[in-house]
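Novice: I would like the entire structure built from these sequences, with the hints used as guidance.
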Amino acid sequence: MLNILTGLPKNKNDDNTVCNKFANSIGYKIILGSSTMKMYCRELNIHPDIKIISATQSPQYFITGIDIASEGVITLNECYKILSGKTSDNKDAVAVTTILTKENEINLVAGTADNKQHQFYKQNNLLPRTEIIEKIVELLKDKTIPRITDMIIEI
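Going by this note's numbering, the residue at position 133 of the sequence shown is 288; the numbering climbs one at a time, nothing skipped.
There's no promise every hint is true.
[Stated by the list, open to error] Derived CB-CB ranges, DEER-like:
| # | residue 1 | residue 2 | range |
| --- | --- | --- | --- |
| 1 | ASP222 | THR172 | 16 to 24 angstroms |
| 2 | ILE181 | THR253 | 14 to 22 angstroms |
| 3 | GLN215 | SER239 | 19 to 27 angstroms |
| 4 | ILE181 | PRO203 | 30 to 38 angstroms |
| 5 | HIS273 | ASP169 | 18 to 26 angstroms |
| 6 | ILE205 | GLN274 | 22 to 30 angstroms |
| 7 | LYS277 | ASP204 | 29 to 37 angstroms |
| 8 | VAL249 | LYS167 | 31 to 39 angstroms |
| 9 | ASN168 | ASP244 | 23 to 31 angstroms |
| 10 | PHE275 | MET156 | 28 to 36 angstroms |
| 11 | ASP244 | PRO203 | 19 to 27 angstroms |
| 12 | PRO203 | GLY182 | 14 to 22 angstroms |
| 13 | ASN166 | GLY240 | 13 to 21 angstroms |
Everything labelled a hint here was simulated from the structure, so no lab data went into it. Note that this is a predicted model, so its numbers are computed, not measured. Ideal Cβ placement from N, Cα and C applies to all residues, glycine included.
Specialist: Encoded structure:
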């Protein structure tokens, strides 16, 4: 079972419930999104280890109980690119895509709170979180790779 948490809930009052449910899920756990990681760590009182490699690479995040923690929208767009048959040098996207294509069941929890970086993503031709997730899910269904068991968009 693969569990992915990406994006903040629209209602901040749901943060604790979402984080605890995710923490208690069985299987691989991936968090995609800097704000999502901050929320998760805040709600569960976890202190992440963050390593900055260089100004041109995303920081590396290490969170107790989480298998992969990475930036969200860029990584998701790169996952879609890989699933579409293209290559990517984004190590986190490669790792996430590898797991996506090997797992039989996926629990995808996607928050819909407004993203403050929306304009940056648009300027860099990146699809917003909800749109890129829908495209990834459609690609996975078309390829009949894993089975999406639970997809929560409206959190």
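Novice: Would you mind marking each hint as holding or not holding in the structure?
Specialist: A quick look at each hint next to the structure:
Checked against the hint of 16 to 24 angstroms, the C-beta distance between ASP222 and THR172 comes to roughly 22 angstroms, which is consistent with it. A C-beta distance of roughly 20 angstroms is found between ILE181 and THR253, which places it inside the suggested range of 14 to 22 angstroms. At roughly 26 angstroms, the beta-carbon separation of GLN215 and SER239 lies within the given 19 to 27 angstroms, and the hint holds. Judged by the Cβ atoms, the range 30 to 38 angstroms given for ILE181 and PRO203 is violated: they are separated by roughly 22 angstroms.
Remark: the range hint 18 to 26 angstroms for HIS273 to ASP169 is upheld by a beta-carbon distance near 21 angstroms. Look at ILE205 against GLN274: about 25 angstroms separates their beta carbons, and that is inside 22 to 30 angstroms. In this structure the supplied range 29 to 37 angstroms holds for LYS277 paired with ASP204, their Cβ-Cβ distance being about 32 angstroms. The beta-carbon spacing between VAL249 and LYS167, approximately 33 angstroms, falls within the hinted interval of 31 to 39 angstroms.
Here the CB-CB span from ASN168 to ASP244 is close to 39 angstroms, at odds with the stated 23 to 31 angstroms. Under the hint 28 to 36 angstroms, the C-beta atoms of PHE275 and MET156, about 33 angstroms apart, fit the expected range. The given range of 19 to 27 angstroms is respected by ASP244 and PRO203, whose C-beta atoms sit roughly 24 angstroms from each other. Hint check: PRO203 to GLY182, Cβ distance near 21 angstroms, so the stated range 14 to 22 angstroms holds.
A hinted range of 13 to 21 angstroms is violated for the C-beta pair ASN166 and GLY240, which are about 38 angstroms apart.
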